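S.K.: Listed below are the residues making up each chain.
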Amino acid sequence: MEREPVAAVSRRDLLSLIGTVAGSAAMYQAMTSLGFAAESGYKGPIKLDGDPKGATVLILGAGLAGMTAALELRNAGYKVRVIEFNSRPGGRNWTLRGGDTFTELGGHRQTCEFEQGHYLNPGPWRIPYHHRGVLDYCRRLNVALEPFVQLNHNALLHASNAFGGKPQRIREIKADFQGHVSELLAKATQQDRLDEAVSKQDQEILLEALRNWGALDANHAYKTNLISASVRGHAKGPGGGLGAAPVPGDPIDLSEILRSRLWRYLQNFALLDFQTTMFQPVGGMDAIGKAFARELGEIIRYDAKVTRIQQDGAGVTVTYTDASKPDAIRQEKADWCVCTIPLSILSQLEVDVGTPMKAAIDAVPYIASVKIGLQFKRRFWEEDEAIYGGISYTDLPIGQIGYPNSGFNRSGRGVLLGAYLIGLPSTYEFTALAPSERIARAVEFGSQIHPQYRAEFENGVAVAWNRMPFTLGCAGYWTEAARARHYDNLCQIDGRIALAGEHASHIPAWQEGAVLSALDAVTRLHQRVIKS
Amino acid sequence: MRLMLWVRSAAALAVGAALLLATPASDAQSDPGAQAGVVFSPALRFTEQGGESLYRNVCSACHMMDGRGASGAGTFPSLAGNSKLQAAGYPLYVVTNGLHGMPPLGAFMSDEQVAAVVNYVRTHFGNSYQDAVTAEDAKAARP
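From first to last, the protein sequence lines stand for chains A and B.
Each residue of the first sequence is one higher than the one before, starting from 1 at the first, in my numbering.
Each residue of the second sequence is one higher than the one before, starting from 1 at the first, in my numbering.
Bear in mind the hints are in silico, worked out from the structure with no lab data behind them.
Predicted model, so just to flag it, every value in this text is computed and none were measured.
It is possible that part of the hints are untrue.
Unchecked claim - List time: in silico DSSO-like cross-link candidates among lysine-lysine, alpha-carbon distance up to 30 Å:
#1 Lys358(A) / Lys187(A)
#2 Lys79(A) / Lys333(A)
#3 Lys358(A) / Lys139(B)
#4 Lys333(A) / Lys290(A)
#5 Lys84(B) / Lys200(A)
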């Protein structure tokens, strides 16, 4: 595809660009000082005071929302039962390891062949530091955490039609972009072009700051020298003994960086959701789901497919079938119901709720996503390229390559996330392929970034979320218009039924959304029970 | 406009808005016809042309290659011998507006592509409706 010729970038263009980049950080600081943005809304463990007098609650779904609701309601004195479609807890909180098998819609069955100790988190894989609800449950349930590396300066940015297809180091793009922009701003300042915007007194400080921020030299130039090298890295690093002096590398031209558009990926590290420190449970994300399930014990019934949800003045009746005896219709009754079934599925069930909630259930499409885990004979990204954890981004259909954030510097095999597609047209195209073909394509595309793929690849596993029988998609997608019209109706308790899940939150597709929506739903449900 | 909003927010959910703005990739990565007709659209539009290519690369992700859909906790409806396809307006509406969990995939398609895939579905999988829809019909069906 021929790229449109790029006109010389004007100072004005650059300033507005900086505004975009710096704006989010400035906004974040302003909001934090007011007490917003820094927290997810989690207020600490909820207190459900008052005696529910033996009231019963049936919870549909043993994902994080359902199990949060179950845990809190049980602790408050309710008689709780949970019905789950899968034969395991967690829902989208899921980890695949060697020996695990699963069958997707359409019948393709995969067996994960990873070596023991390696895994793929096909669903959620990282926890922001401000997702205090998830973090608190991890603490209370003794789920050990370790850092998830979002920004690795030595990982790669790749545009197929820039730099001859050669991936660039994040640190070089970041340092050079920042350096060039600083130099331009310094020039504008020195030419008195910023007089209207910045006072004379502040201009001196601004120049000093730009020199510092952009690794400029004493003349406010961004050049090949040891100052820029101290940020972007060296052509030849400093060593010991003779001939060990460092040699700086040449910065990439501003024009090349601008046209490559690689600068856009830098925002992935600035966004609040991806700011360090991020976490992952040691050994796999499913440690959270398993810990909840351990705590809840026998109250979860697995392999149960809900087919109908009825309610009247006296209670709720849920009809379901057991996977082992699909012809036998079973029913479970309770005073109340917390339903966490994804809307992609709930919208197809017979549910006794009023028109507003039903319209809300029907109004939320589910986005597609594909994640592919690949096992290699050795951790070549560490051994050959010094990439320890983090993520490389590419405009190839695989989207990104996520390196393992544990087991650093070991010899032997390694598993990385070889593709993470979400929402874009190519996500459907990847989903449409047989799993073996998805994996083959991920290896093919990935080898454009890491040529070692070809020799070192061993096996892979590909999860296309639209084909997961328990979700039929990745996560609920709310347009602003749909949210304005339907969101409150989705979250209101309808008679004896309350809904919860990431789809009933303003933090869609994150576990924190599931947890917070469950806490809010059970709090309101409890108030209703105590009053009745 | 609507398309951009939809896509931008969809991707922002988990990968950050920045990724979504990424440069369109080169032709090298989309290889129409080269390997079993597999296509990877590089940006925000499906690049498949023709109903069959659109169906095989996009729709079959959920409705499967044989058009029979699949069932788990919920169902991707079968398009085979599906009487709802009798009225062309129905599949036109679903493709352009979405239905329940199904996103409005027509947002990633031109009017011609929407018409082509609707016509393909209505003349395959045991369906043989002869009243083909046009790009104008597709345009009129958009929200």
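S.K.: Each hint should be assessed against the structure and marked as holding or not.
M.R.: Here is what the structure says about each hint:
1. Lys358(A) / Lys187(A): 60 Å, violated
2. Lys79(A) / Lys333(A): Within the cut-off at roughly 12 Å; holds.
3. Lys358(A) / Lys139(B): At roughly 29 Å apart (the allowed maximum being 30 Å), Lys139(B) and Lys358(A) satisfy the hint.
4. Lys333(A) / Lys290(A): 26 Å, holds
5. Lys84(B) / Lys200(A): 72 Å, violated
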